[in-house]
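Peer 1: Those protein sequence lines, which keep their order, are chains A and B. Just so it is clear: in the first sequence, position 107 is 106 by numbering that gives the first Met the number 0, and no numbers are missing. Just so it is clear: in the second sequence, position 251 is 250 by numbering that gives the first Met the number 0, and no numbers are missing.
No lab work stands behind these hints, which were simulated from the structure alone. Predicted model, so just to flag it, every value in this text is computed and none were measured. Backbone N, C-alpha and C define an ideal beta-carbon position, used for all residues, glycine too. Accuracy of the hints is not assured; some may be wrong.
Derived contacts from chain A toward chain B, CB cut-off under 7 Å, selection only [what the hints assert, rightly or not]:
hint, residue
1, K42
2, D65
3, R123
Reference listing, derived: stretches of chain B covered by chain A, where coverage requires no fewer than 3 residues with Cβ under 8 Å from a Cβ of chain A [claimed, not checked]:
hint, stretch
4, 166 to 176
5, 249 to 259
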Amino acid sequence: MSISLRQLLTLGHLPGHSVLAGASGLSAPVHAVVPGTTVRALKEPAEGRLVVFAAGQLPLDDPNADLAIRFCASSGIVGLITTPPKHPVALSTLRLADKYGIALITAGSVDQAATVTALEADVRAPEVTGAHRLTAVVRQLSPHSSDAPQVIAVLRSELRLPLALLDSEGHRVEGDESVDWEQLTSRLKDVLDSSHPTERVHDAPDGAQLILHPVVLPTSQRAGLWFAAVVEADNSAMVDPVRHCLAIGAWGFTAHLATRSLMTEVEGRQRALLLGEILDNAESPSRQTVERATVLGWRLSGWHTVVHLATAGGTLSVAPAGFAADLEAALAAAGIVAPVVERPDGWMLWVTEEIALDSADQERLARIVRQALLSIESEHDGLRMCAGVGLPAQGSIGLGNSLREARKASLLARANQTMAAVERTDPIGLKRMLLGWYSYGPARDIAAEVLEPLRAADPTGELNRTLGCFLDYESSIATTAAVLGVHRNTVLHRLTKIRTLLGVDLSDPNDRLAAHLATRAEQLPQEPEPDHT
Amino acid sequence: MNAVRIGIDVGGTNTDAVVMDSNGSVLAWQKVATTPGRLDGITEALTAVLTGVEGQLVNQVMVGTTHPADALRSPQHLGRVGVLRIGAPATLSVPPFTRWPAALVEPVAGPVAVIGGGHEHDGREINPLDVDAVREFARSCEGAVDSIAVIGVTSPVNTDHERRAAAIIRDHLGDEVAITQGHEISGIGLLERENSAILNGSLITLHRTMIDGLFRILAERGLSPDLYLTQNDGTLMSAGQAARRPVLMIGSGPTNSMRGAAHLSGLKDAIVVDVGGTSTDVGLLVDGFPRISALPVEIGGVRTNYRMPDLISAGFGADSSPQPGPANVAKRLTALADRIKASRGELPLVAVGGGAHLVPDRIDGVSEVLRPESVQVANAIGAATAEASGVVDQIFVYDNSTRESCLAYARERAEEEAVLAGADPARVRITKLIEVPLTYMAGSSARVLVQAQGPLPARM
């Protein structure tokens, strides 16, 4: 870690100084400042030293100045400080200093000892300042309040240079907008997405340096996020302090993320237990149960409308940690503020009102839930969600009843091929009929038998899905193609194949209905749903 | 690609330029006619050799030039010199400019003063420096001179009076007037030292113009190399130092030729015949350097104590008319070779210069005749392959301190002079140490001559 001669001079310990020649040497790093004695002594190797001469010790208008410069060039001395000469300095001396980049600096009254002491302190200063910065960063960061904006703000206030939090593709997540981070990291895609990432320092345009520090959360081997900072060329002494500060920042930020994840997990677990207790003792919940529910803001009286959420595959393991919180946030963004509680087969949320929601309200609720699920699906690649909305029911017993309805409705939704399918329980109707049919084991066996040729021809289930989708979307080839993300000719080709394999005529109403029922039953899990009633 | 250097030799007839790489191989060379102003010829030669050479790679340019010697032959270009001799009353019987050719005295002689001061041979003051007289002298020089020569009695032993007087004059006249101090230029012998200092002073303005012109020519071509001039002894001096001491460059042409011949032939001991345009010089290489003349050297009719190459000149050359026949040349060279040889026996002969082809293959008294490649520009090659050097020629009184410390001091001073001349401080070495005890003086004292020499810095 070192300070350049130019930086050293700007610190003001040499008032009224002027650089007579050798300005190209100003960017050289200074490792030490020493008092000068004789010209001859400059011969000794002294890489990166700045030599301060007492008044009159090194007259630059003397031919010996040339000797001093030549010795400096060979010994690695970066500059000479002396008093201004009586006579103008010879052109050849200036030329020589320029040639070798030895800065000739004069200042009105050089108190040799004082100047050496002051400058030497500044030369050591980068290390000291670096340590001060690090301490300040450590003091200001805490695992409870170190989210991205705060960490960036702390680092920026201490380091005073462009800083940002980037994702693994180099996009800015938080931080300075003045820098084109994507441009800077355009060649570093491999680095940003590498396995077991480490801190990196890369060259940026104009001699600047780009410093990257990864944020790696446990269980992952790649950095989801990177702290990035740009150190300009003339500020190169800052590289090490910046590296250390970014490391501390990344550490604090990682701790913050881990803490938040842990707290969400614990809270979710407590909520799930409490809900279990309420559902199990719906007739007469204990005082403690009621109290704990009250603490969480749950009302047990009133009309509850439960929504049951599940992944389309029916398993929870595909959902990332803290997923309930994500769901809650997505729902809140869509317009429902309601607790989301993890259940063995999905997640449940409910809204409580003084009076029962009417059909239009339920419809609206279903729409909002779908919207939230769509946004969740778009955030999590490859995740498919579905939901069922139960009928409103009163009191703590009603909570369980509404949940049951909701779970049945979500079963229907899961059979649907659309994205983020949401089904409502139809109190009177047709859907119950279907549900009865779905729940009837032998009927499902028949369905499986009917579709067996398709599965045999295509074990991936692609043909099954195509048929189901085609029938769900009122035999529209264009929509089917859009939903499945394939070309319409592919859909046409598949349908021809399906017709041949199944030997059905999809324009015949009976064949159509049978095939539709079969595909619907096929989408359901193999084991009938356990009945909670 | 490696850095290259350019050697330029400006002779009376031809200006030669050569581009060499760091291994000493010739990459390109050119010979053009010398122009009256010198610089046009240099420009032409430089332009020719630079085609096909990347300008950025040129890191050193060495120039050997005869213009100081030429200037003495046509004295109207010389500068006027004020002469301050510090030595009254002892030296009054032989005033400055004694025995100078009248043609030189007329343009060169400015105000002359012989004032009180000077040192004994053991370094003690004879008389204190007459400071008022120095001021008086400075006043008399105001507006009347181009430069000033300050010569103290026995200044090689003690430089104090010369330095003090020079400082007073400088304070008075400023930096426009260059001051030559005797001890910077020459060794013992007051009159010789004084003559050298005056000659140096008269050449300074001319010489500076020349060096500035060289820098300008290089800058116009986008080059910013280190510039060196060759000294009389065939070593280099950086342009910055050379600008102050033109007299040290006065006779570098023949030396460069002989050094170039040594480099090209790889021989250390040989007879060198430099056939120029109108004259032929014959000299002797001893251990890679020209043999030095034992006689005092007169420059432009002025007696100095410089040591110059021992040369015999003959009045025929490549452009002589009528052209001498081969038999004639062989006969004349046989005689010249016999004269230059220091002992019996045969030595190889290296023929260099633009007329090297005139030298026959067989000469009596010569073991073989060598005409290496690129001999036409041997002098430029000599300049390009030279090293920088520094010399200390001083009398030490061993009674005042030990002989060892005096010699160590002389060595160190010589090394510093070599570094000042441009040598790499890390590779400078002592190449010559001559110690002559001065038995005719009271006490134990000796004249010590130390030469240090070193290659130019490799970087930049």
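Peer 1: Have a go at the K42(A) hint: is there a Cβ in chain B nearer than 7 Å to its own Cβ?
Peer 2: Nearest chain B Cβ about 6 Å off; hint holds.
Peer 1: Answer holds if the nearest beta-carbon of chain B is closer than 7 Å to that of D65(A); otherwise answer violated.
Peer 2: holds, 6 Å
Peer 1: Quick one: see if chain A covers the stretch 249 to 259 of chain B, three-plus residues with Cβ-Cβ under 8 Å.
Peer 2: violated (count 0)
Peer 1: Does the interface hint hold: is R123(A) within less than 7 Å of chain B, judged Cβ to Cβ?
Peer 2: violated, 29 Å
Peer 1: Are there at least three residues in the stretch 166 to 176 of chain B whose beta carbon sits under 8 Å from a beta carbon of chain A?
Peer 2: Since 4 is at least three, the answer is holds.
Of the numbered hints listed earlier, those contradicted by the structure are 3 and 5.
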